[in-house]
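For reference, the chains in residue letters:
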Amino acid sequence: MPQLFSPGANTLFRTVLIGTPFLLIGTVFALYRIAYSPYATQVGVPVDQPVPFSHQHHVAGLGIDCRYCHTSVETSAFAGMPATATCMTCHSQIWTQAPILASVRESLSLNQPIRWTRVHQLADYVYFDHSIHVRKGIGCVSCHGQIDQMPITWKANTLQMGWCLECHKHPDRALRPPSEVFNLNWKPAGDQTLQGRTLAKQAGIKSIQEITDCTTCHR
Amino acid sequence: MKRIGSGCVLLLAIVLGSGCREEMRNDSRLKPLQEDAFFADRNSSRPLVPNTVPRGHANNDDFFYQGEINGKLVRGFPSPVTRQELERGRDRFNIYCSVCHGPTGEGDGMIVQRGFPQPPSLHDQRLRDAPEGHLFHVITRGYGVMYPYADRVTPQDRWAIIAYIRVLQLARNSTINDVPPDQKARLTGP
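Chains P and X are the protein sequences, given in the same order. Quick note on the working numbering: the first sequence kicks off at 1 and runs consecutively. Quick note on the working numbering: the second sequence kicks off at 1001 and runs consecutively.
Mixed in with the good hints, there may be bad ones.
[What the hints assert, rightly or not] List time: in silico DSS-like cross-link candidates among lysine-lysine, alpha-carbon distance up to 30 Å:
1. K169/P with K1031/X
2. K206/P with K187/P
3. K169/P with K201/P
4. K1031/X with K206/P
5. K1031/X with K136/P
6. K201/P with K136/P
7. K136/P with K206/P
8. K136/P with K169/P
9. K187/P with K136/P
Treat the hints as calculated values from the structure; they're not laboratory data.
With these hints in hand, go ahead and build the complete structure from the sequences.
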């Protein structure tokens, strides 16, 4: 009977034996890293828009309130996007010839909405509602970051389930007085843990069990 | 060797295949304003059907919804003004109006400083005397180069803003004698 294994088989066997666990762990680690990388989550990646709209210019520079444009954020699930007429309340008189605004003027004259590219896009099987977060005292900045420093809008957080749950487990860490929800530069004056608990009581935050229940977000 | 090879291919297929989850991420549920080929204008948010009135929106209170009765501008408010409404008015004024009219109504807002035509000061005698209905019309229909704000400011909020404008006007021309005696201490010293 001829030799079944070649002389190198032992070495090959050992290499595979030792290598396989490393390979497996490595693959899992790589997948994990890919799942949380900017490539997959798009965090920090500026999104191309038909008009290079700058929150930095309009919010930090001019001091316009979020609700001037995102009008329904206090009252509905959808934050609302500004109609072309909303841009025109100012740009009918300011920068009226600027080529950078050509597509805004075109949108108005053709009565066609501007096609903004979504920056935040939850999966369709997730239910999200702005109004409850605003009403109970979660600031825009907790989820959207320092948008007043973005010349082109990007995503500041992953919006993955783990991220939502992190806050739903400890809402008191993020709560602020209702008057400061739209203030991106608000910092807690004292100890946030103490203050957070008082605010949670005032706002009547539901129990952790209730807001971490699967049916809160998957309904 | 062949077994290991096909095993690897299978594993790779599972790993890569499980990455494709687009069907459930994008199901037939439409987000507001999402593009959708079903409608002629490709917009999933639909306008009101012409010549229909939503239930509960007959809006036949001319004072409240039009600011005029039989073509005559109204004076006064549809309901007594409360402190809560004034605070709401201050809030809304600061969001929608102060960028041009300035926080005190002087007409020196940030956008005016960047080249927008200057609006008249809200403290002009003409506007102090103007009926409330005129102010309601300005917000609802716009005025000159000022665009209408009816799409973003509800009638209730318009009345709140008008009440707050009256407060600004009152505050401009008041003296220490207008302050109730029991509140004077708060102004003069700690």
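*CA of K136/P to CA of K169/P, is that 30 Å or under?*
holds, 15 Å
*asked:* Check the hint pairing K169/P with K201/P against an upper bound of 30 Å on the C-alpha distance.
replied: Roughly 15 Å separates the two Cα atoms, so the pair holds.
*Has the given pair, K1031/X with K136/P, been kept, meaning a C-alpha gap of at most 30 Å?*
With a Cα-Cα distance of about 24 Å, the restraint between K1031/X and K136/P holds, given a limit of 30 Å.
*asked:* Hinted pair, alpha-carbon criterion (30 Å max): K136/P, K206/P. Please report holds or violated.
replied: holds, 10 Å
*Keeping to a limit of 30 Å between CA atoms, is the pair of K1031/X and K206/P held or broken?*
With a Cα-Cα distance of about 27 Å, the restraint between K1031/X and K206/P holds, given a limit of 30 Å.
_Hinted pair K206/P and K187/P, Cα distance within 30 Å_ = Measuring from Cα to Cα gives roughly 24 Å; hence the hint holds.
_Against the 30 Å threshold, does the CA-CA distance of K169/P and K1031/X hold or violate the hint?_
holds, 27 Å
*asked:* For a C-alpha distance cap of 30 Å, please report whether K187/P and K136/P respect it.
replied: The hint holds at about 17 Å.
*Given the hint that K201/P pairs with K136/P, does the C-alpha gap stay at or below 30 Å?*
holds, 10 Å
Violated hints: none; the structure is consistent with every hint.
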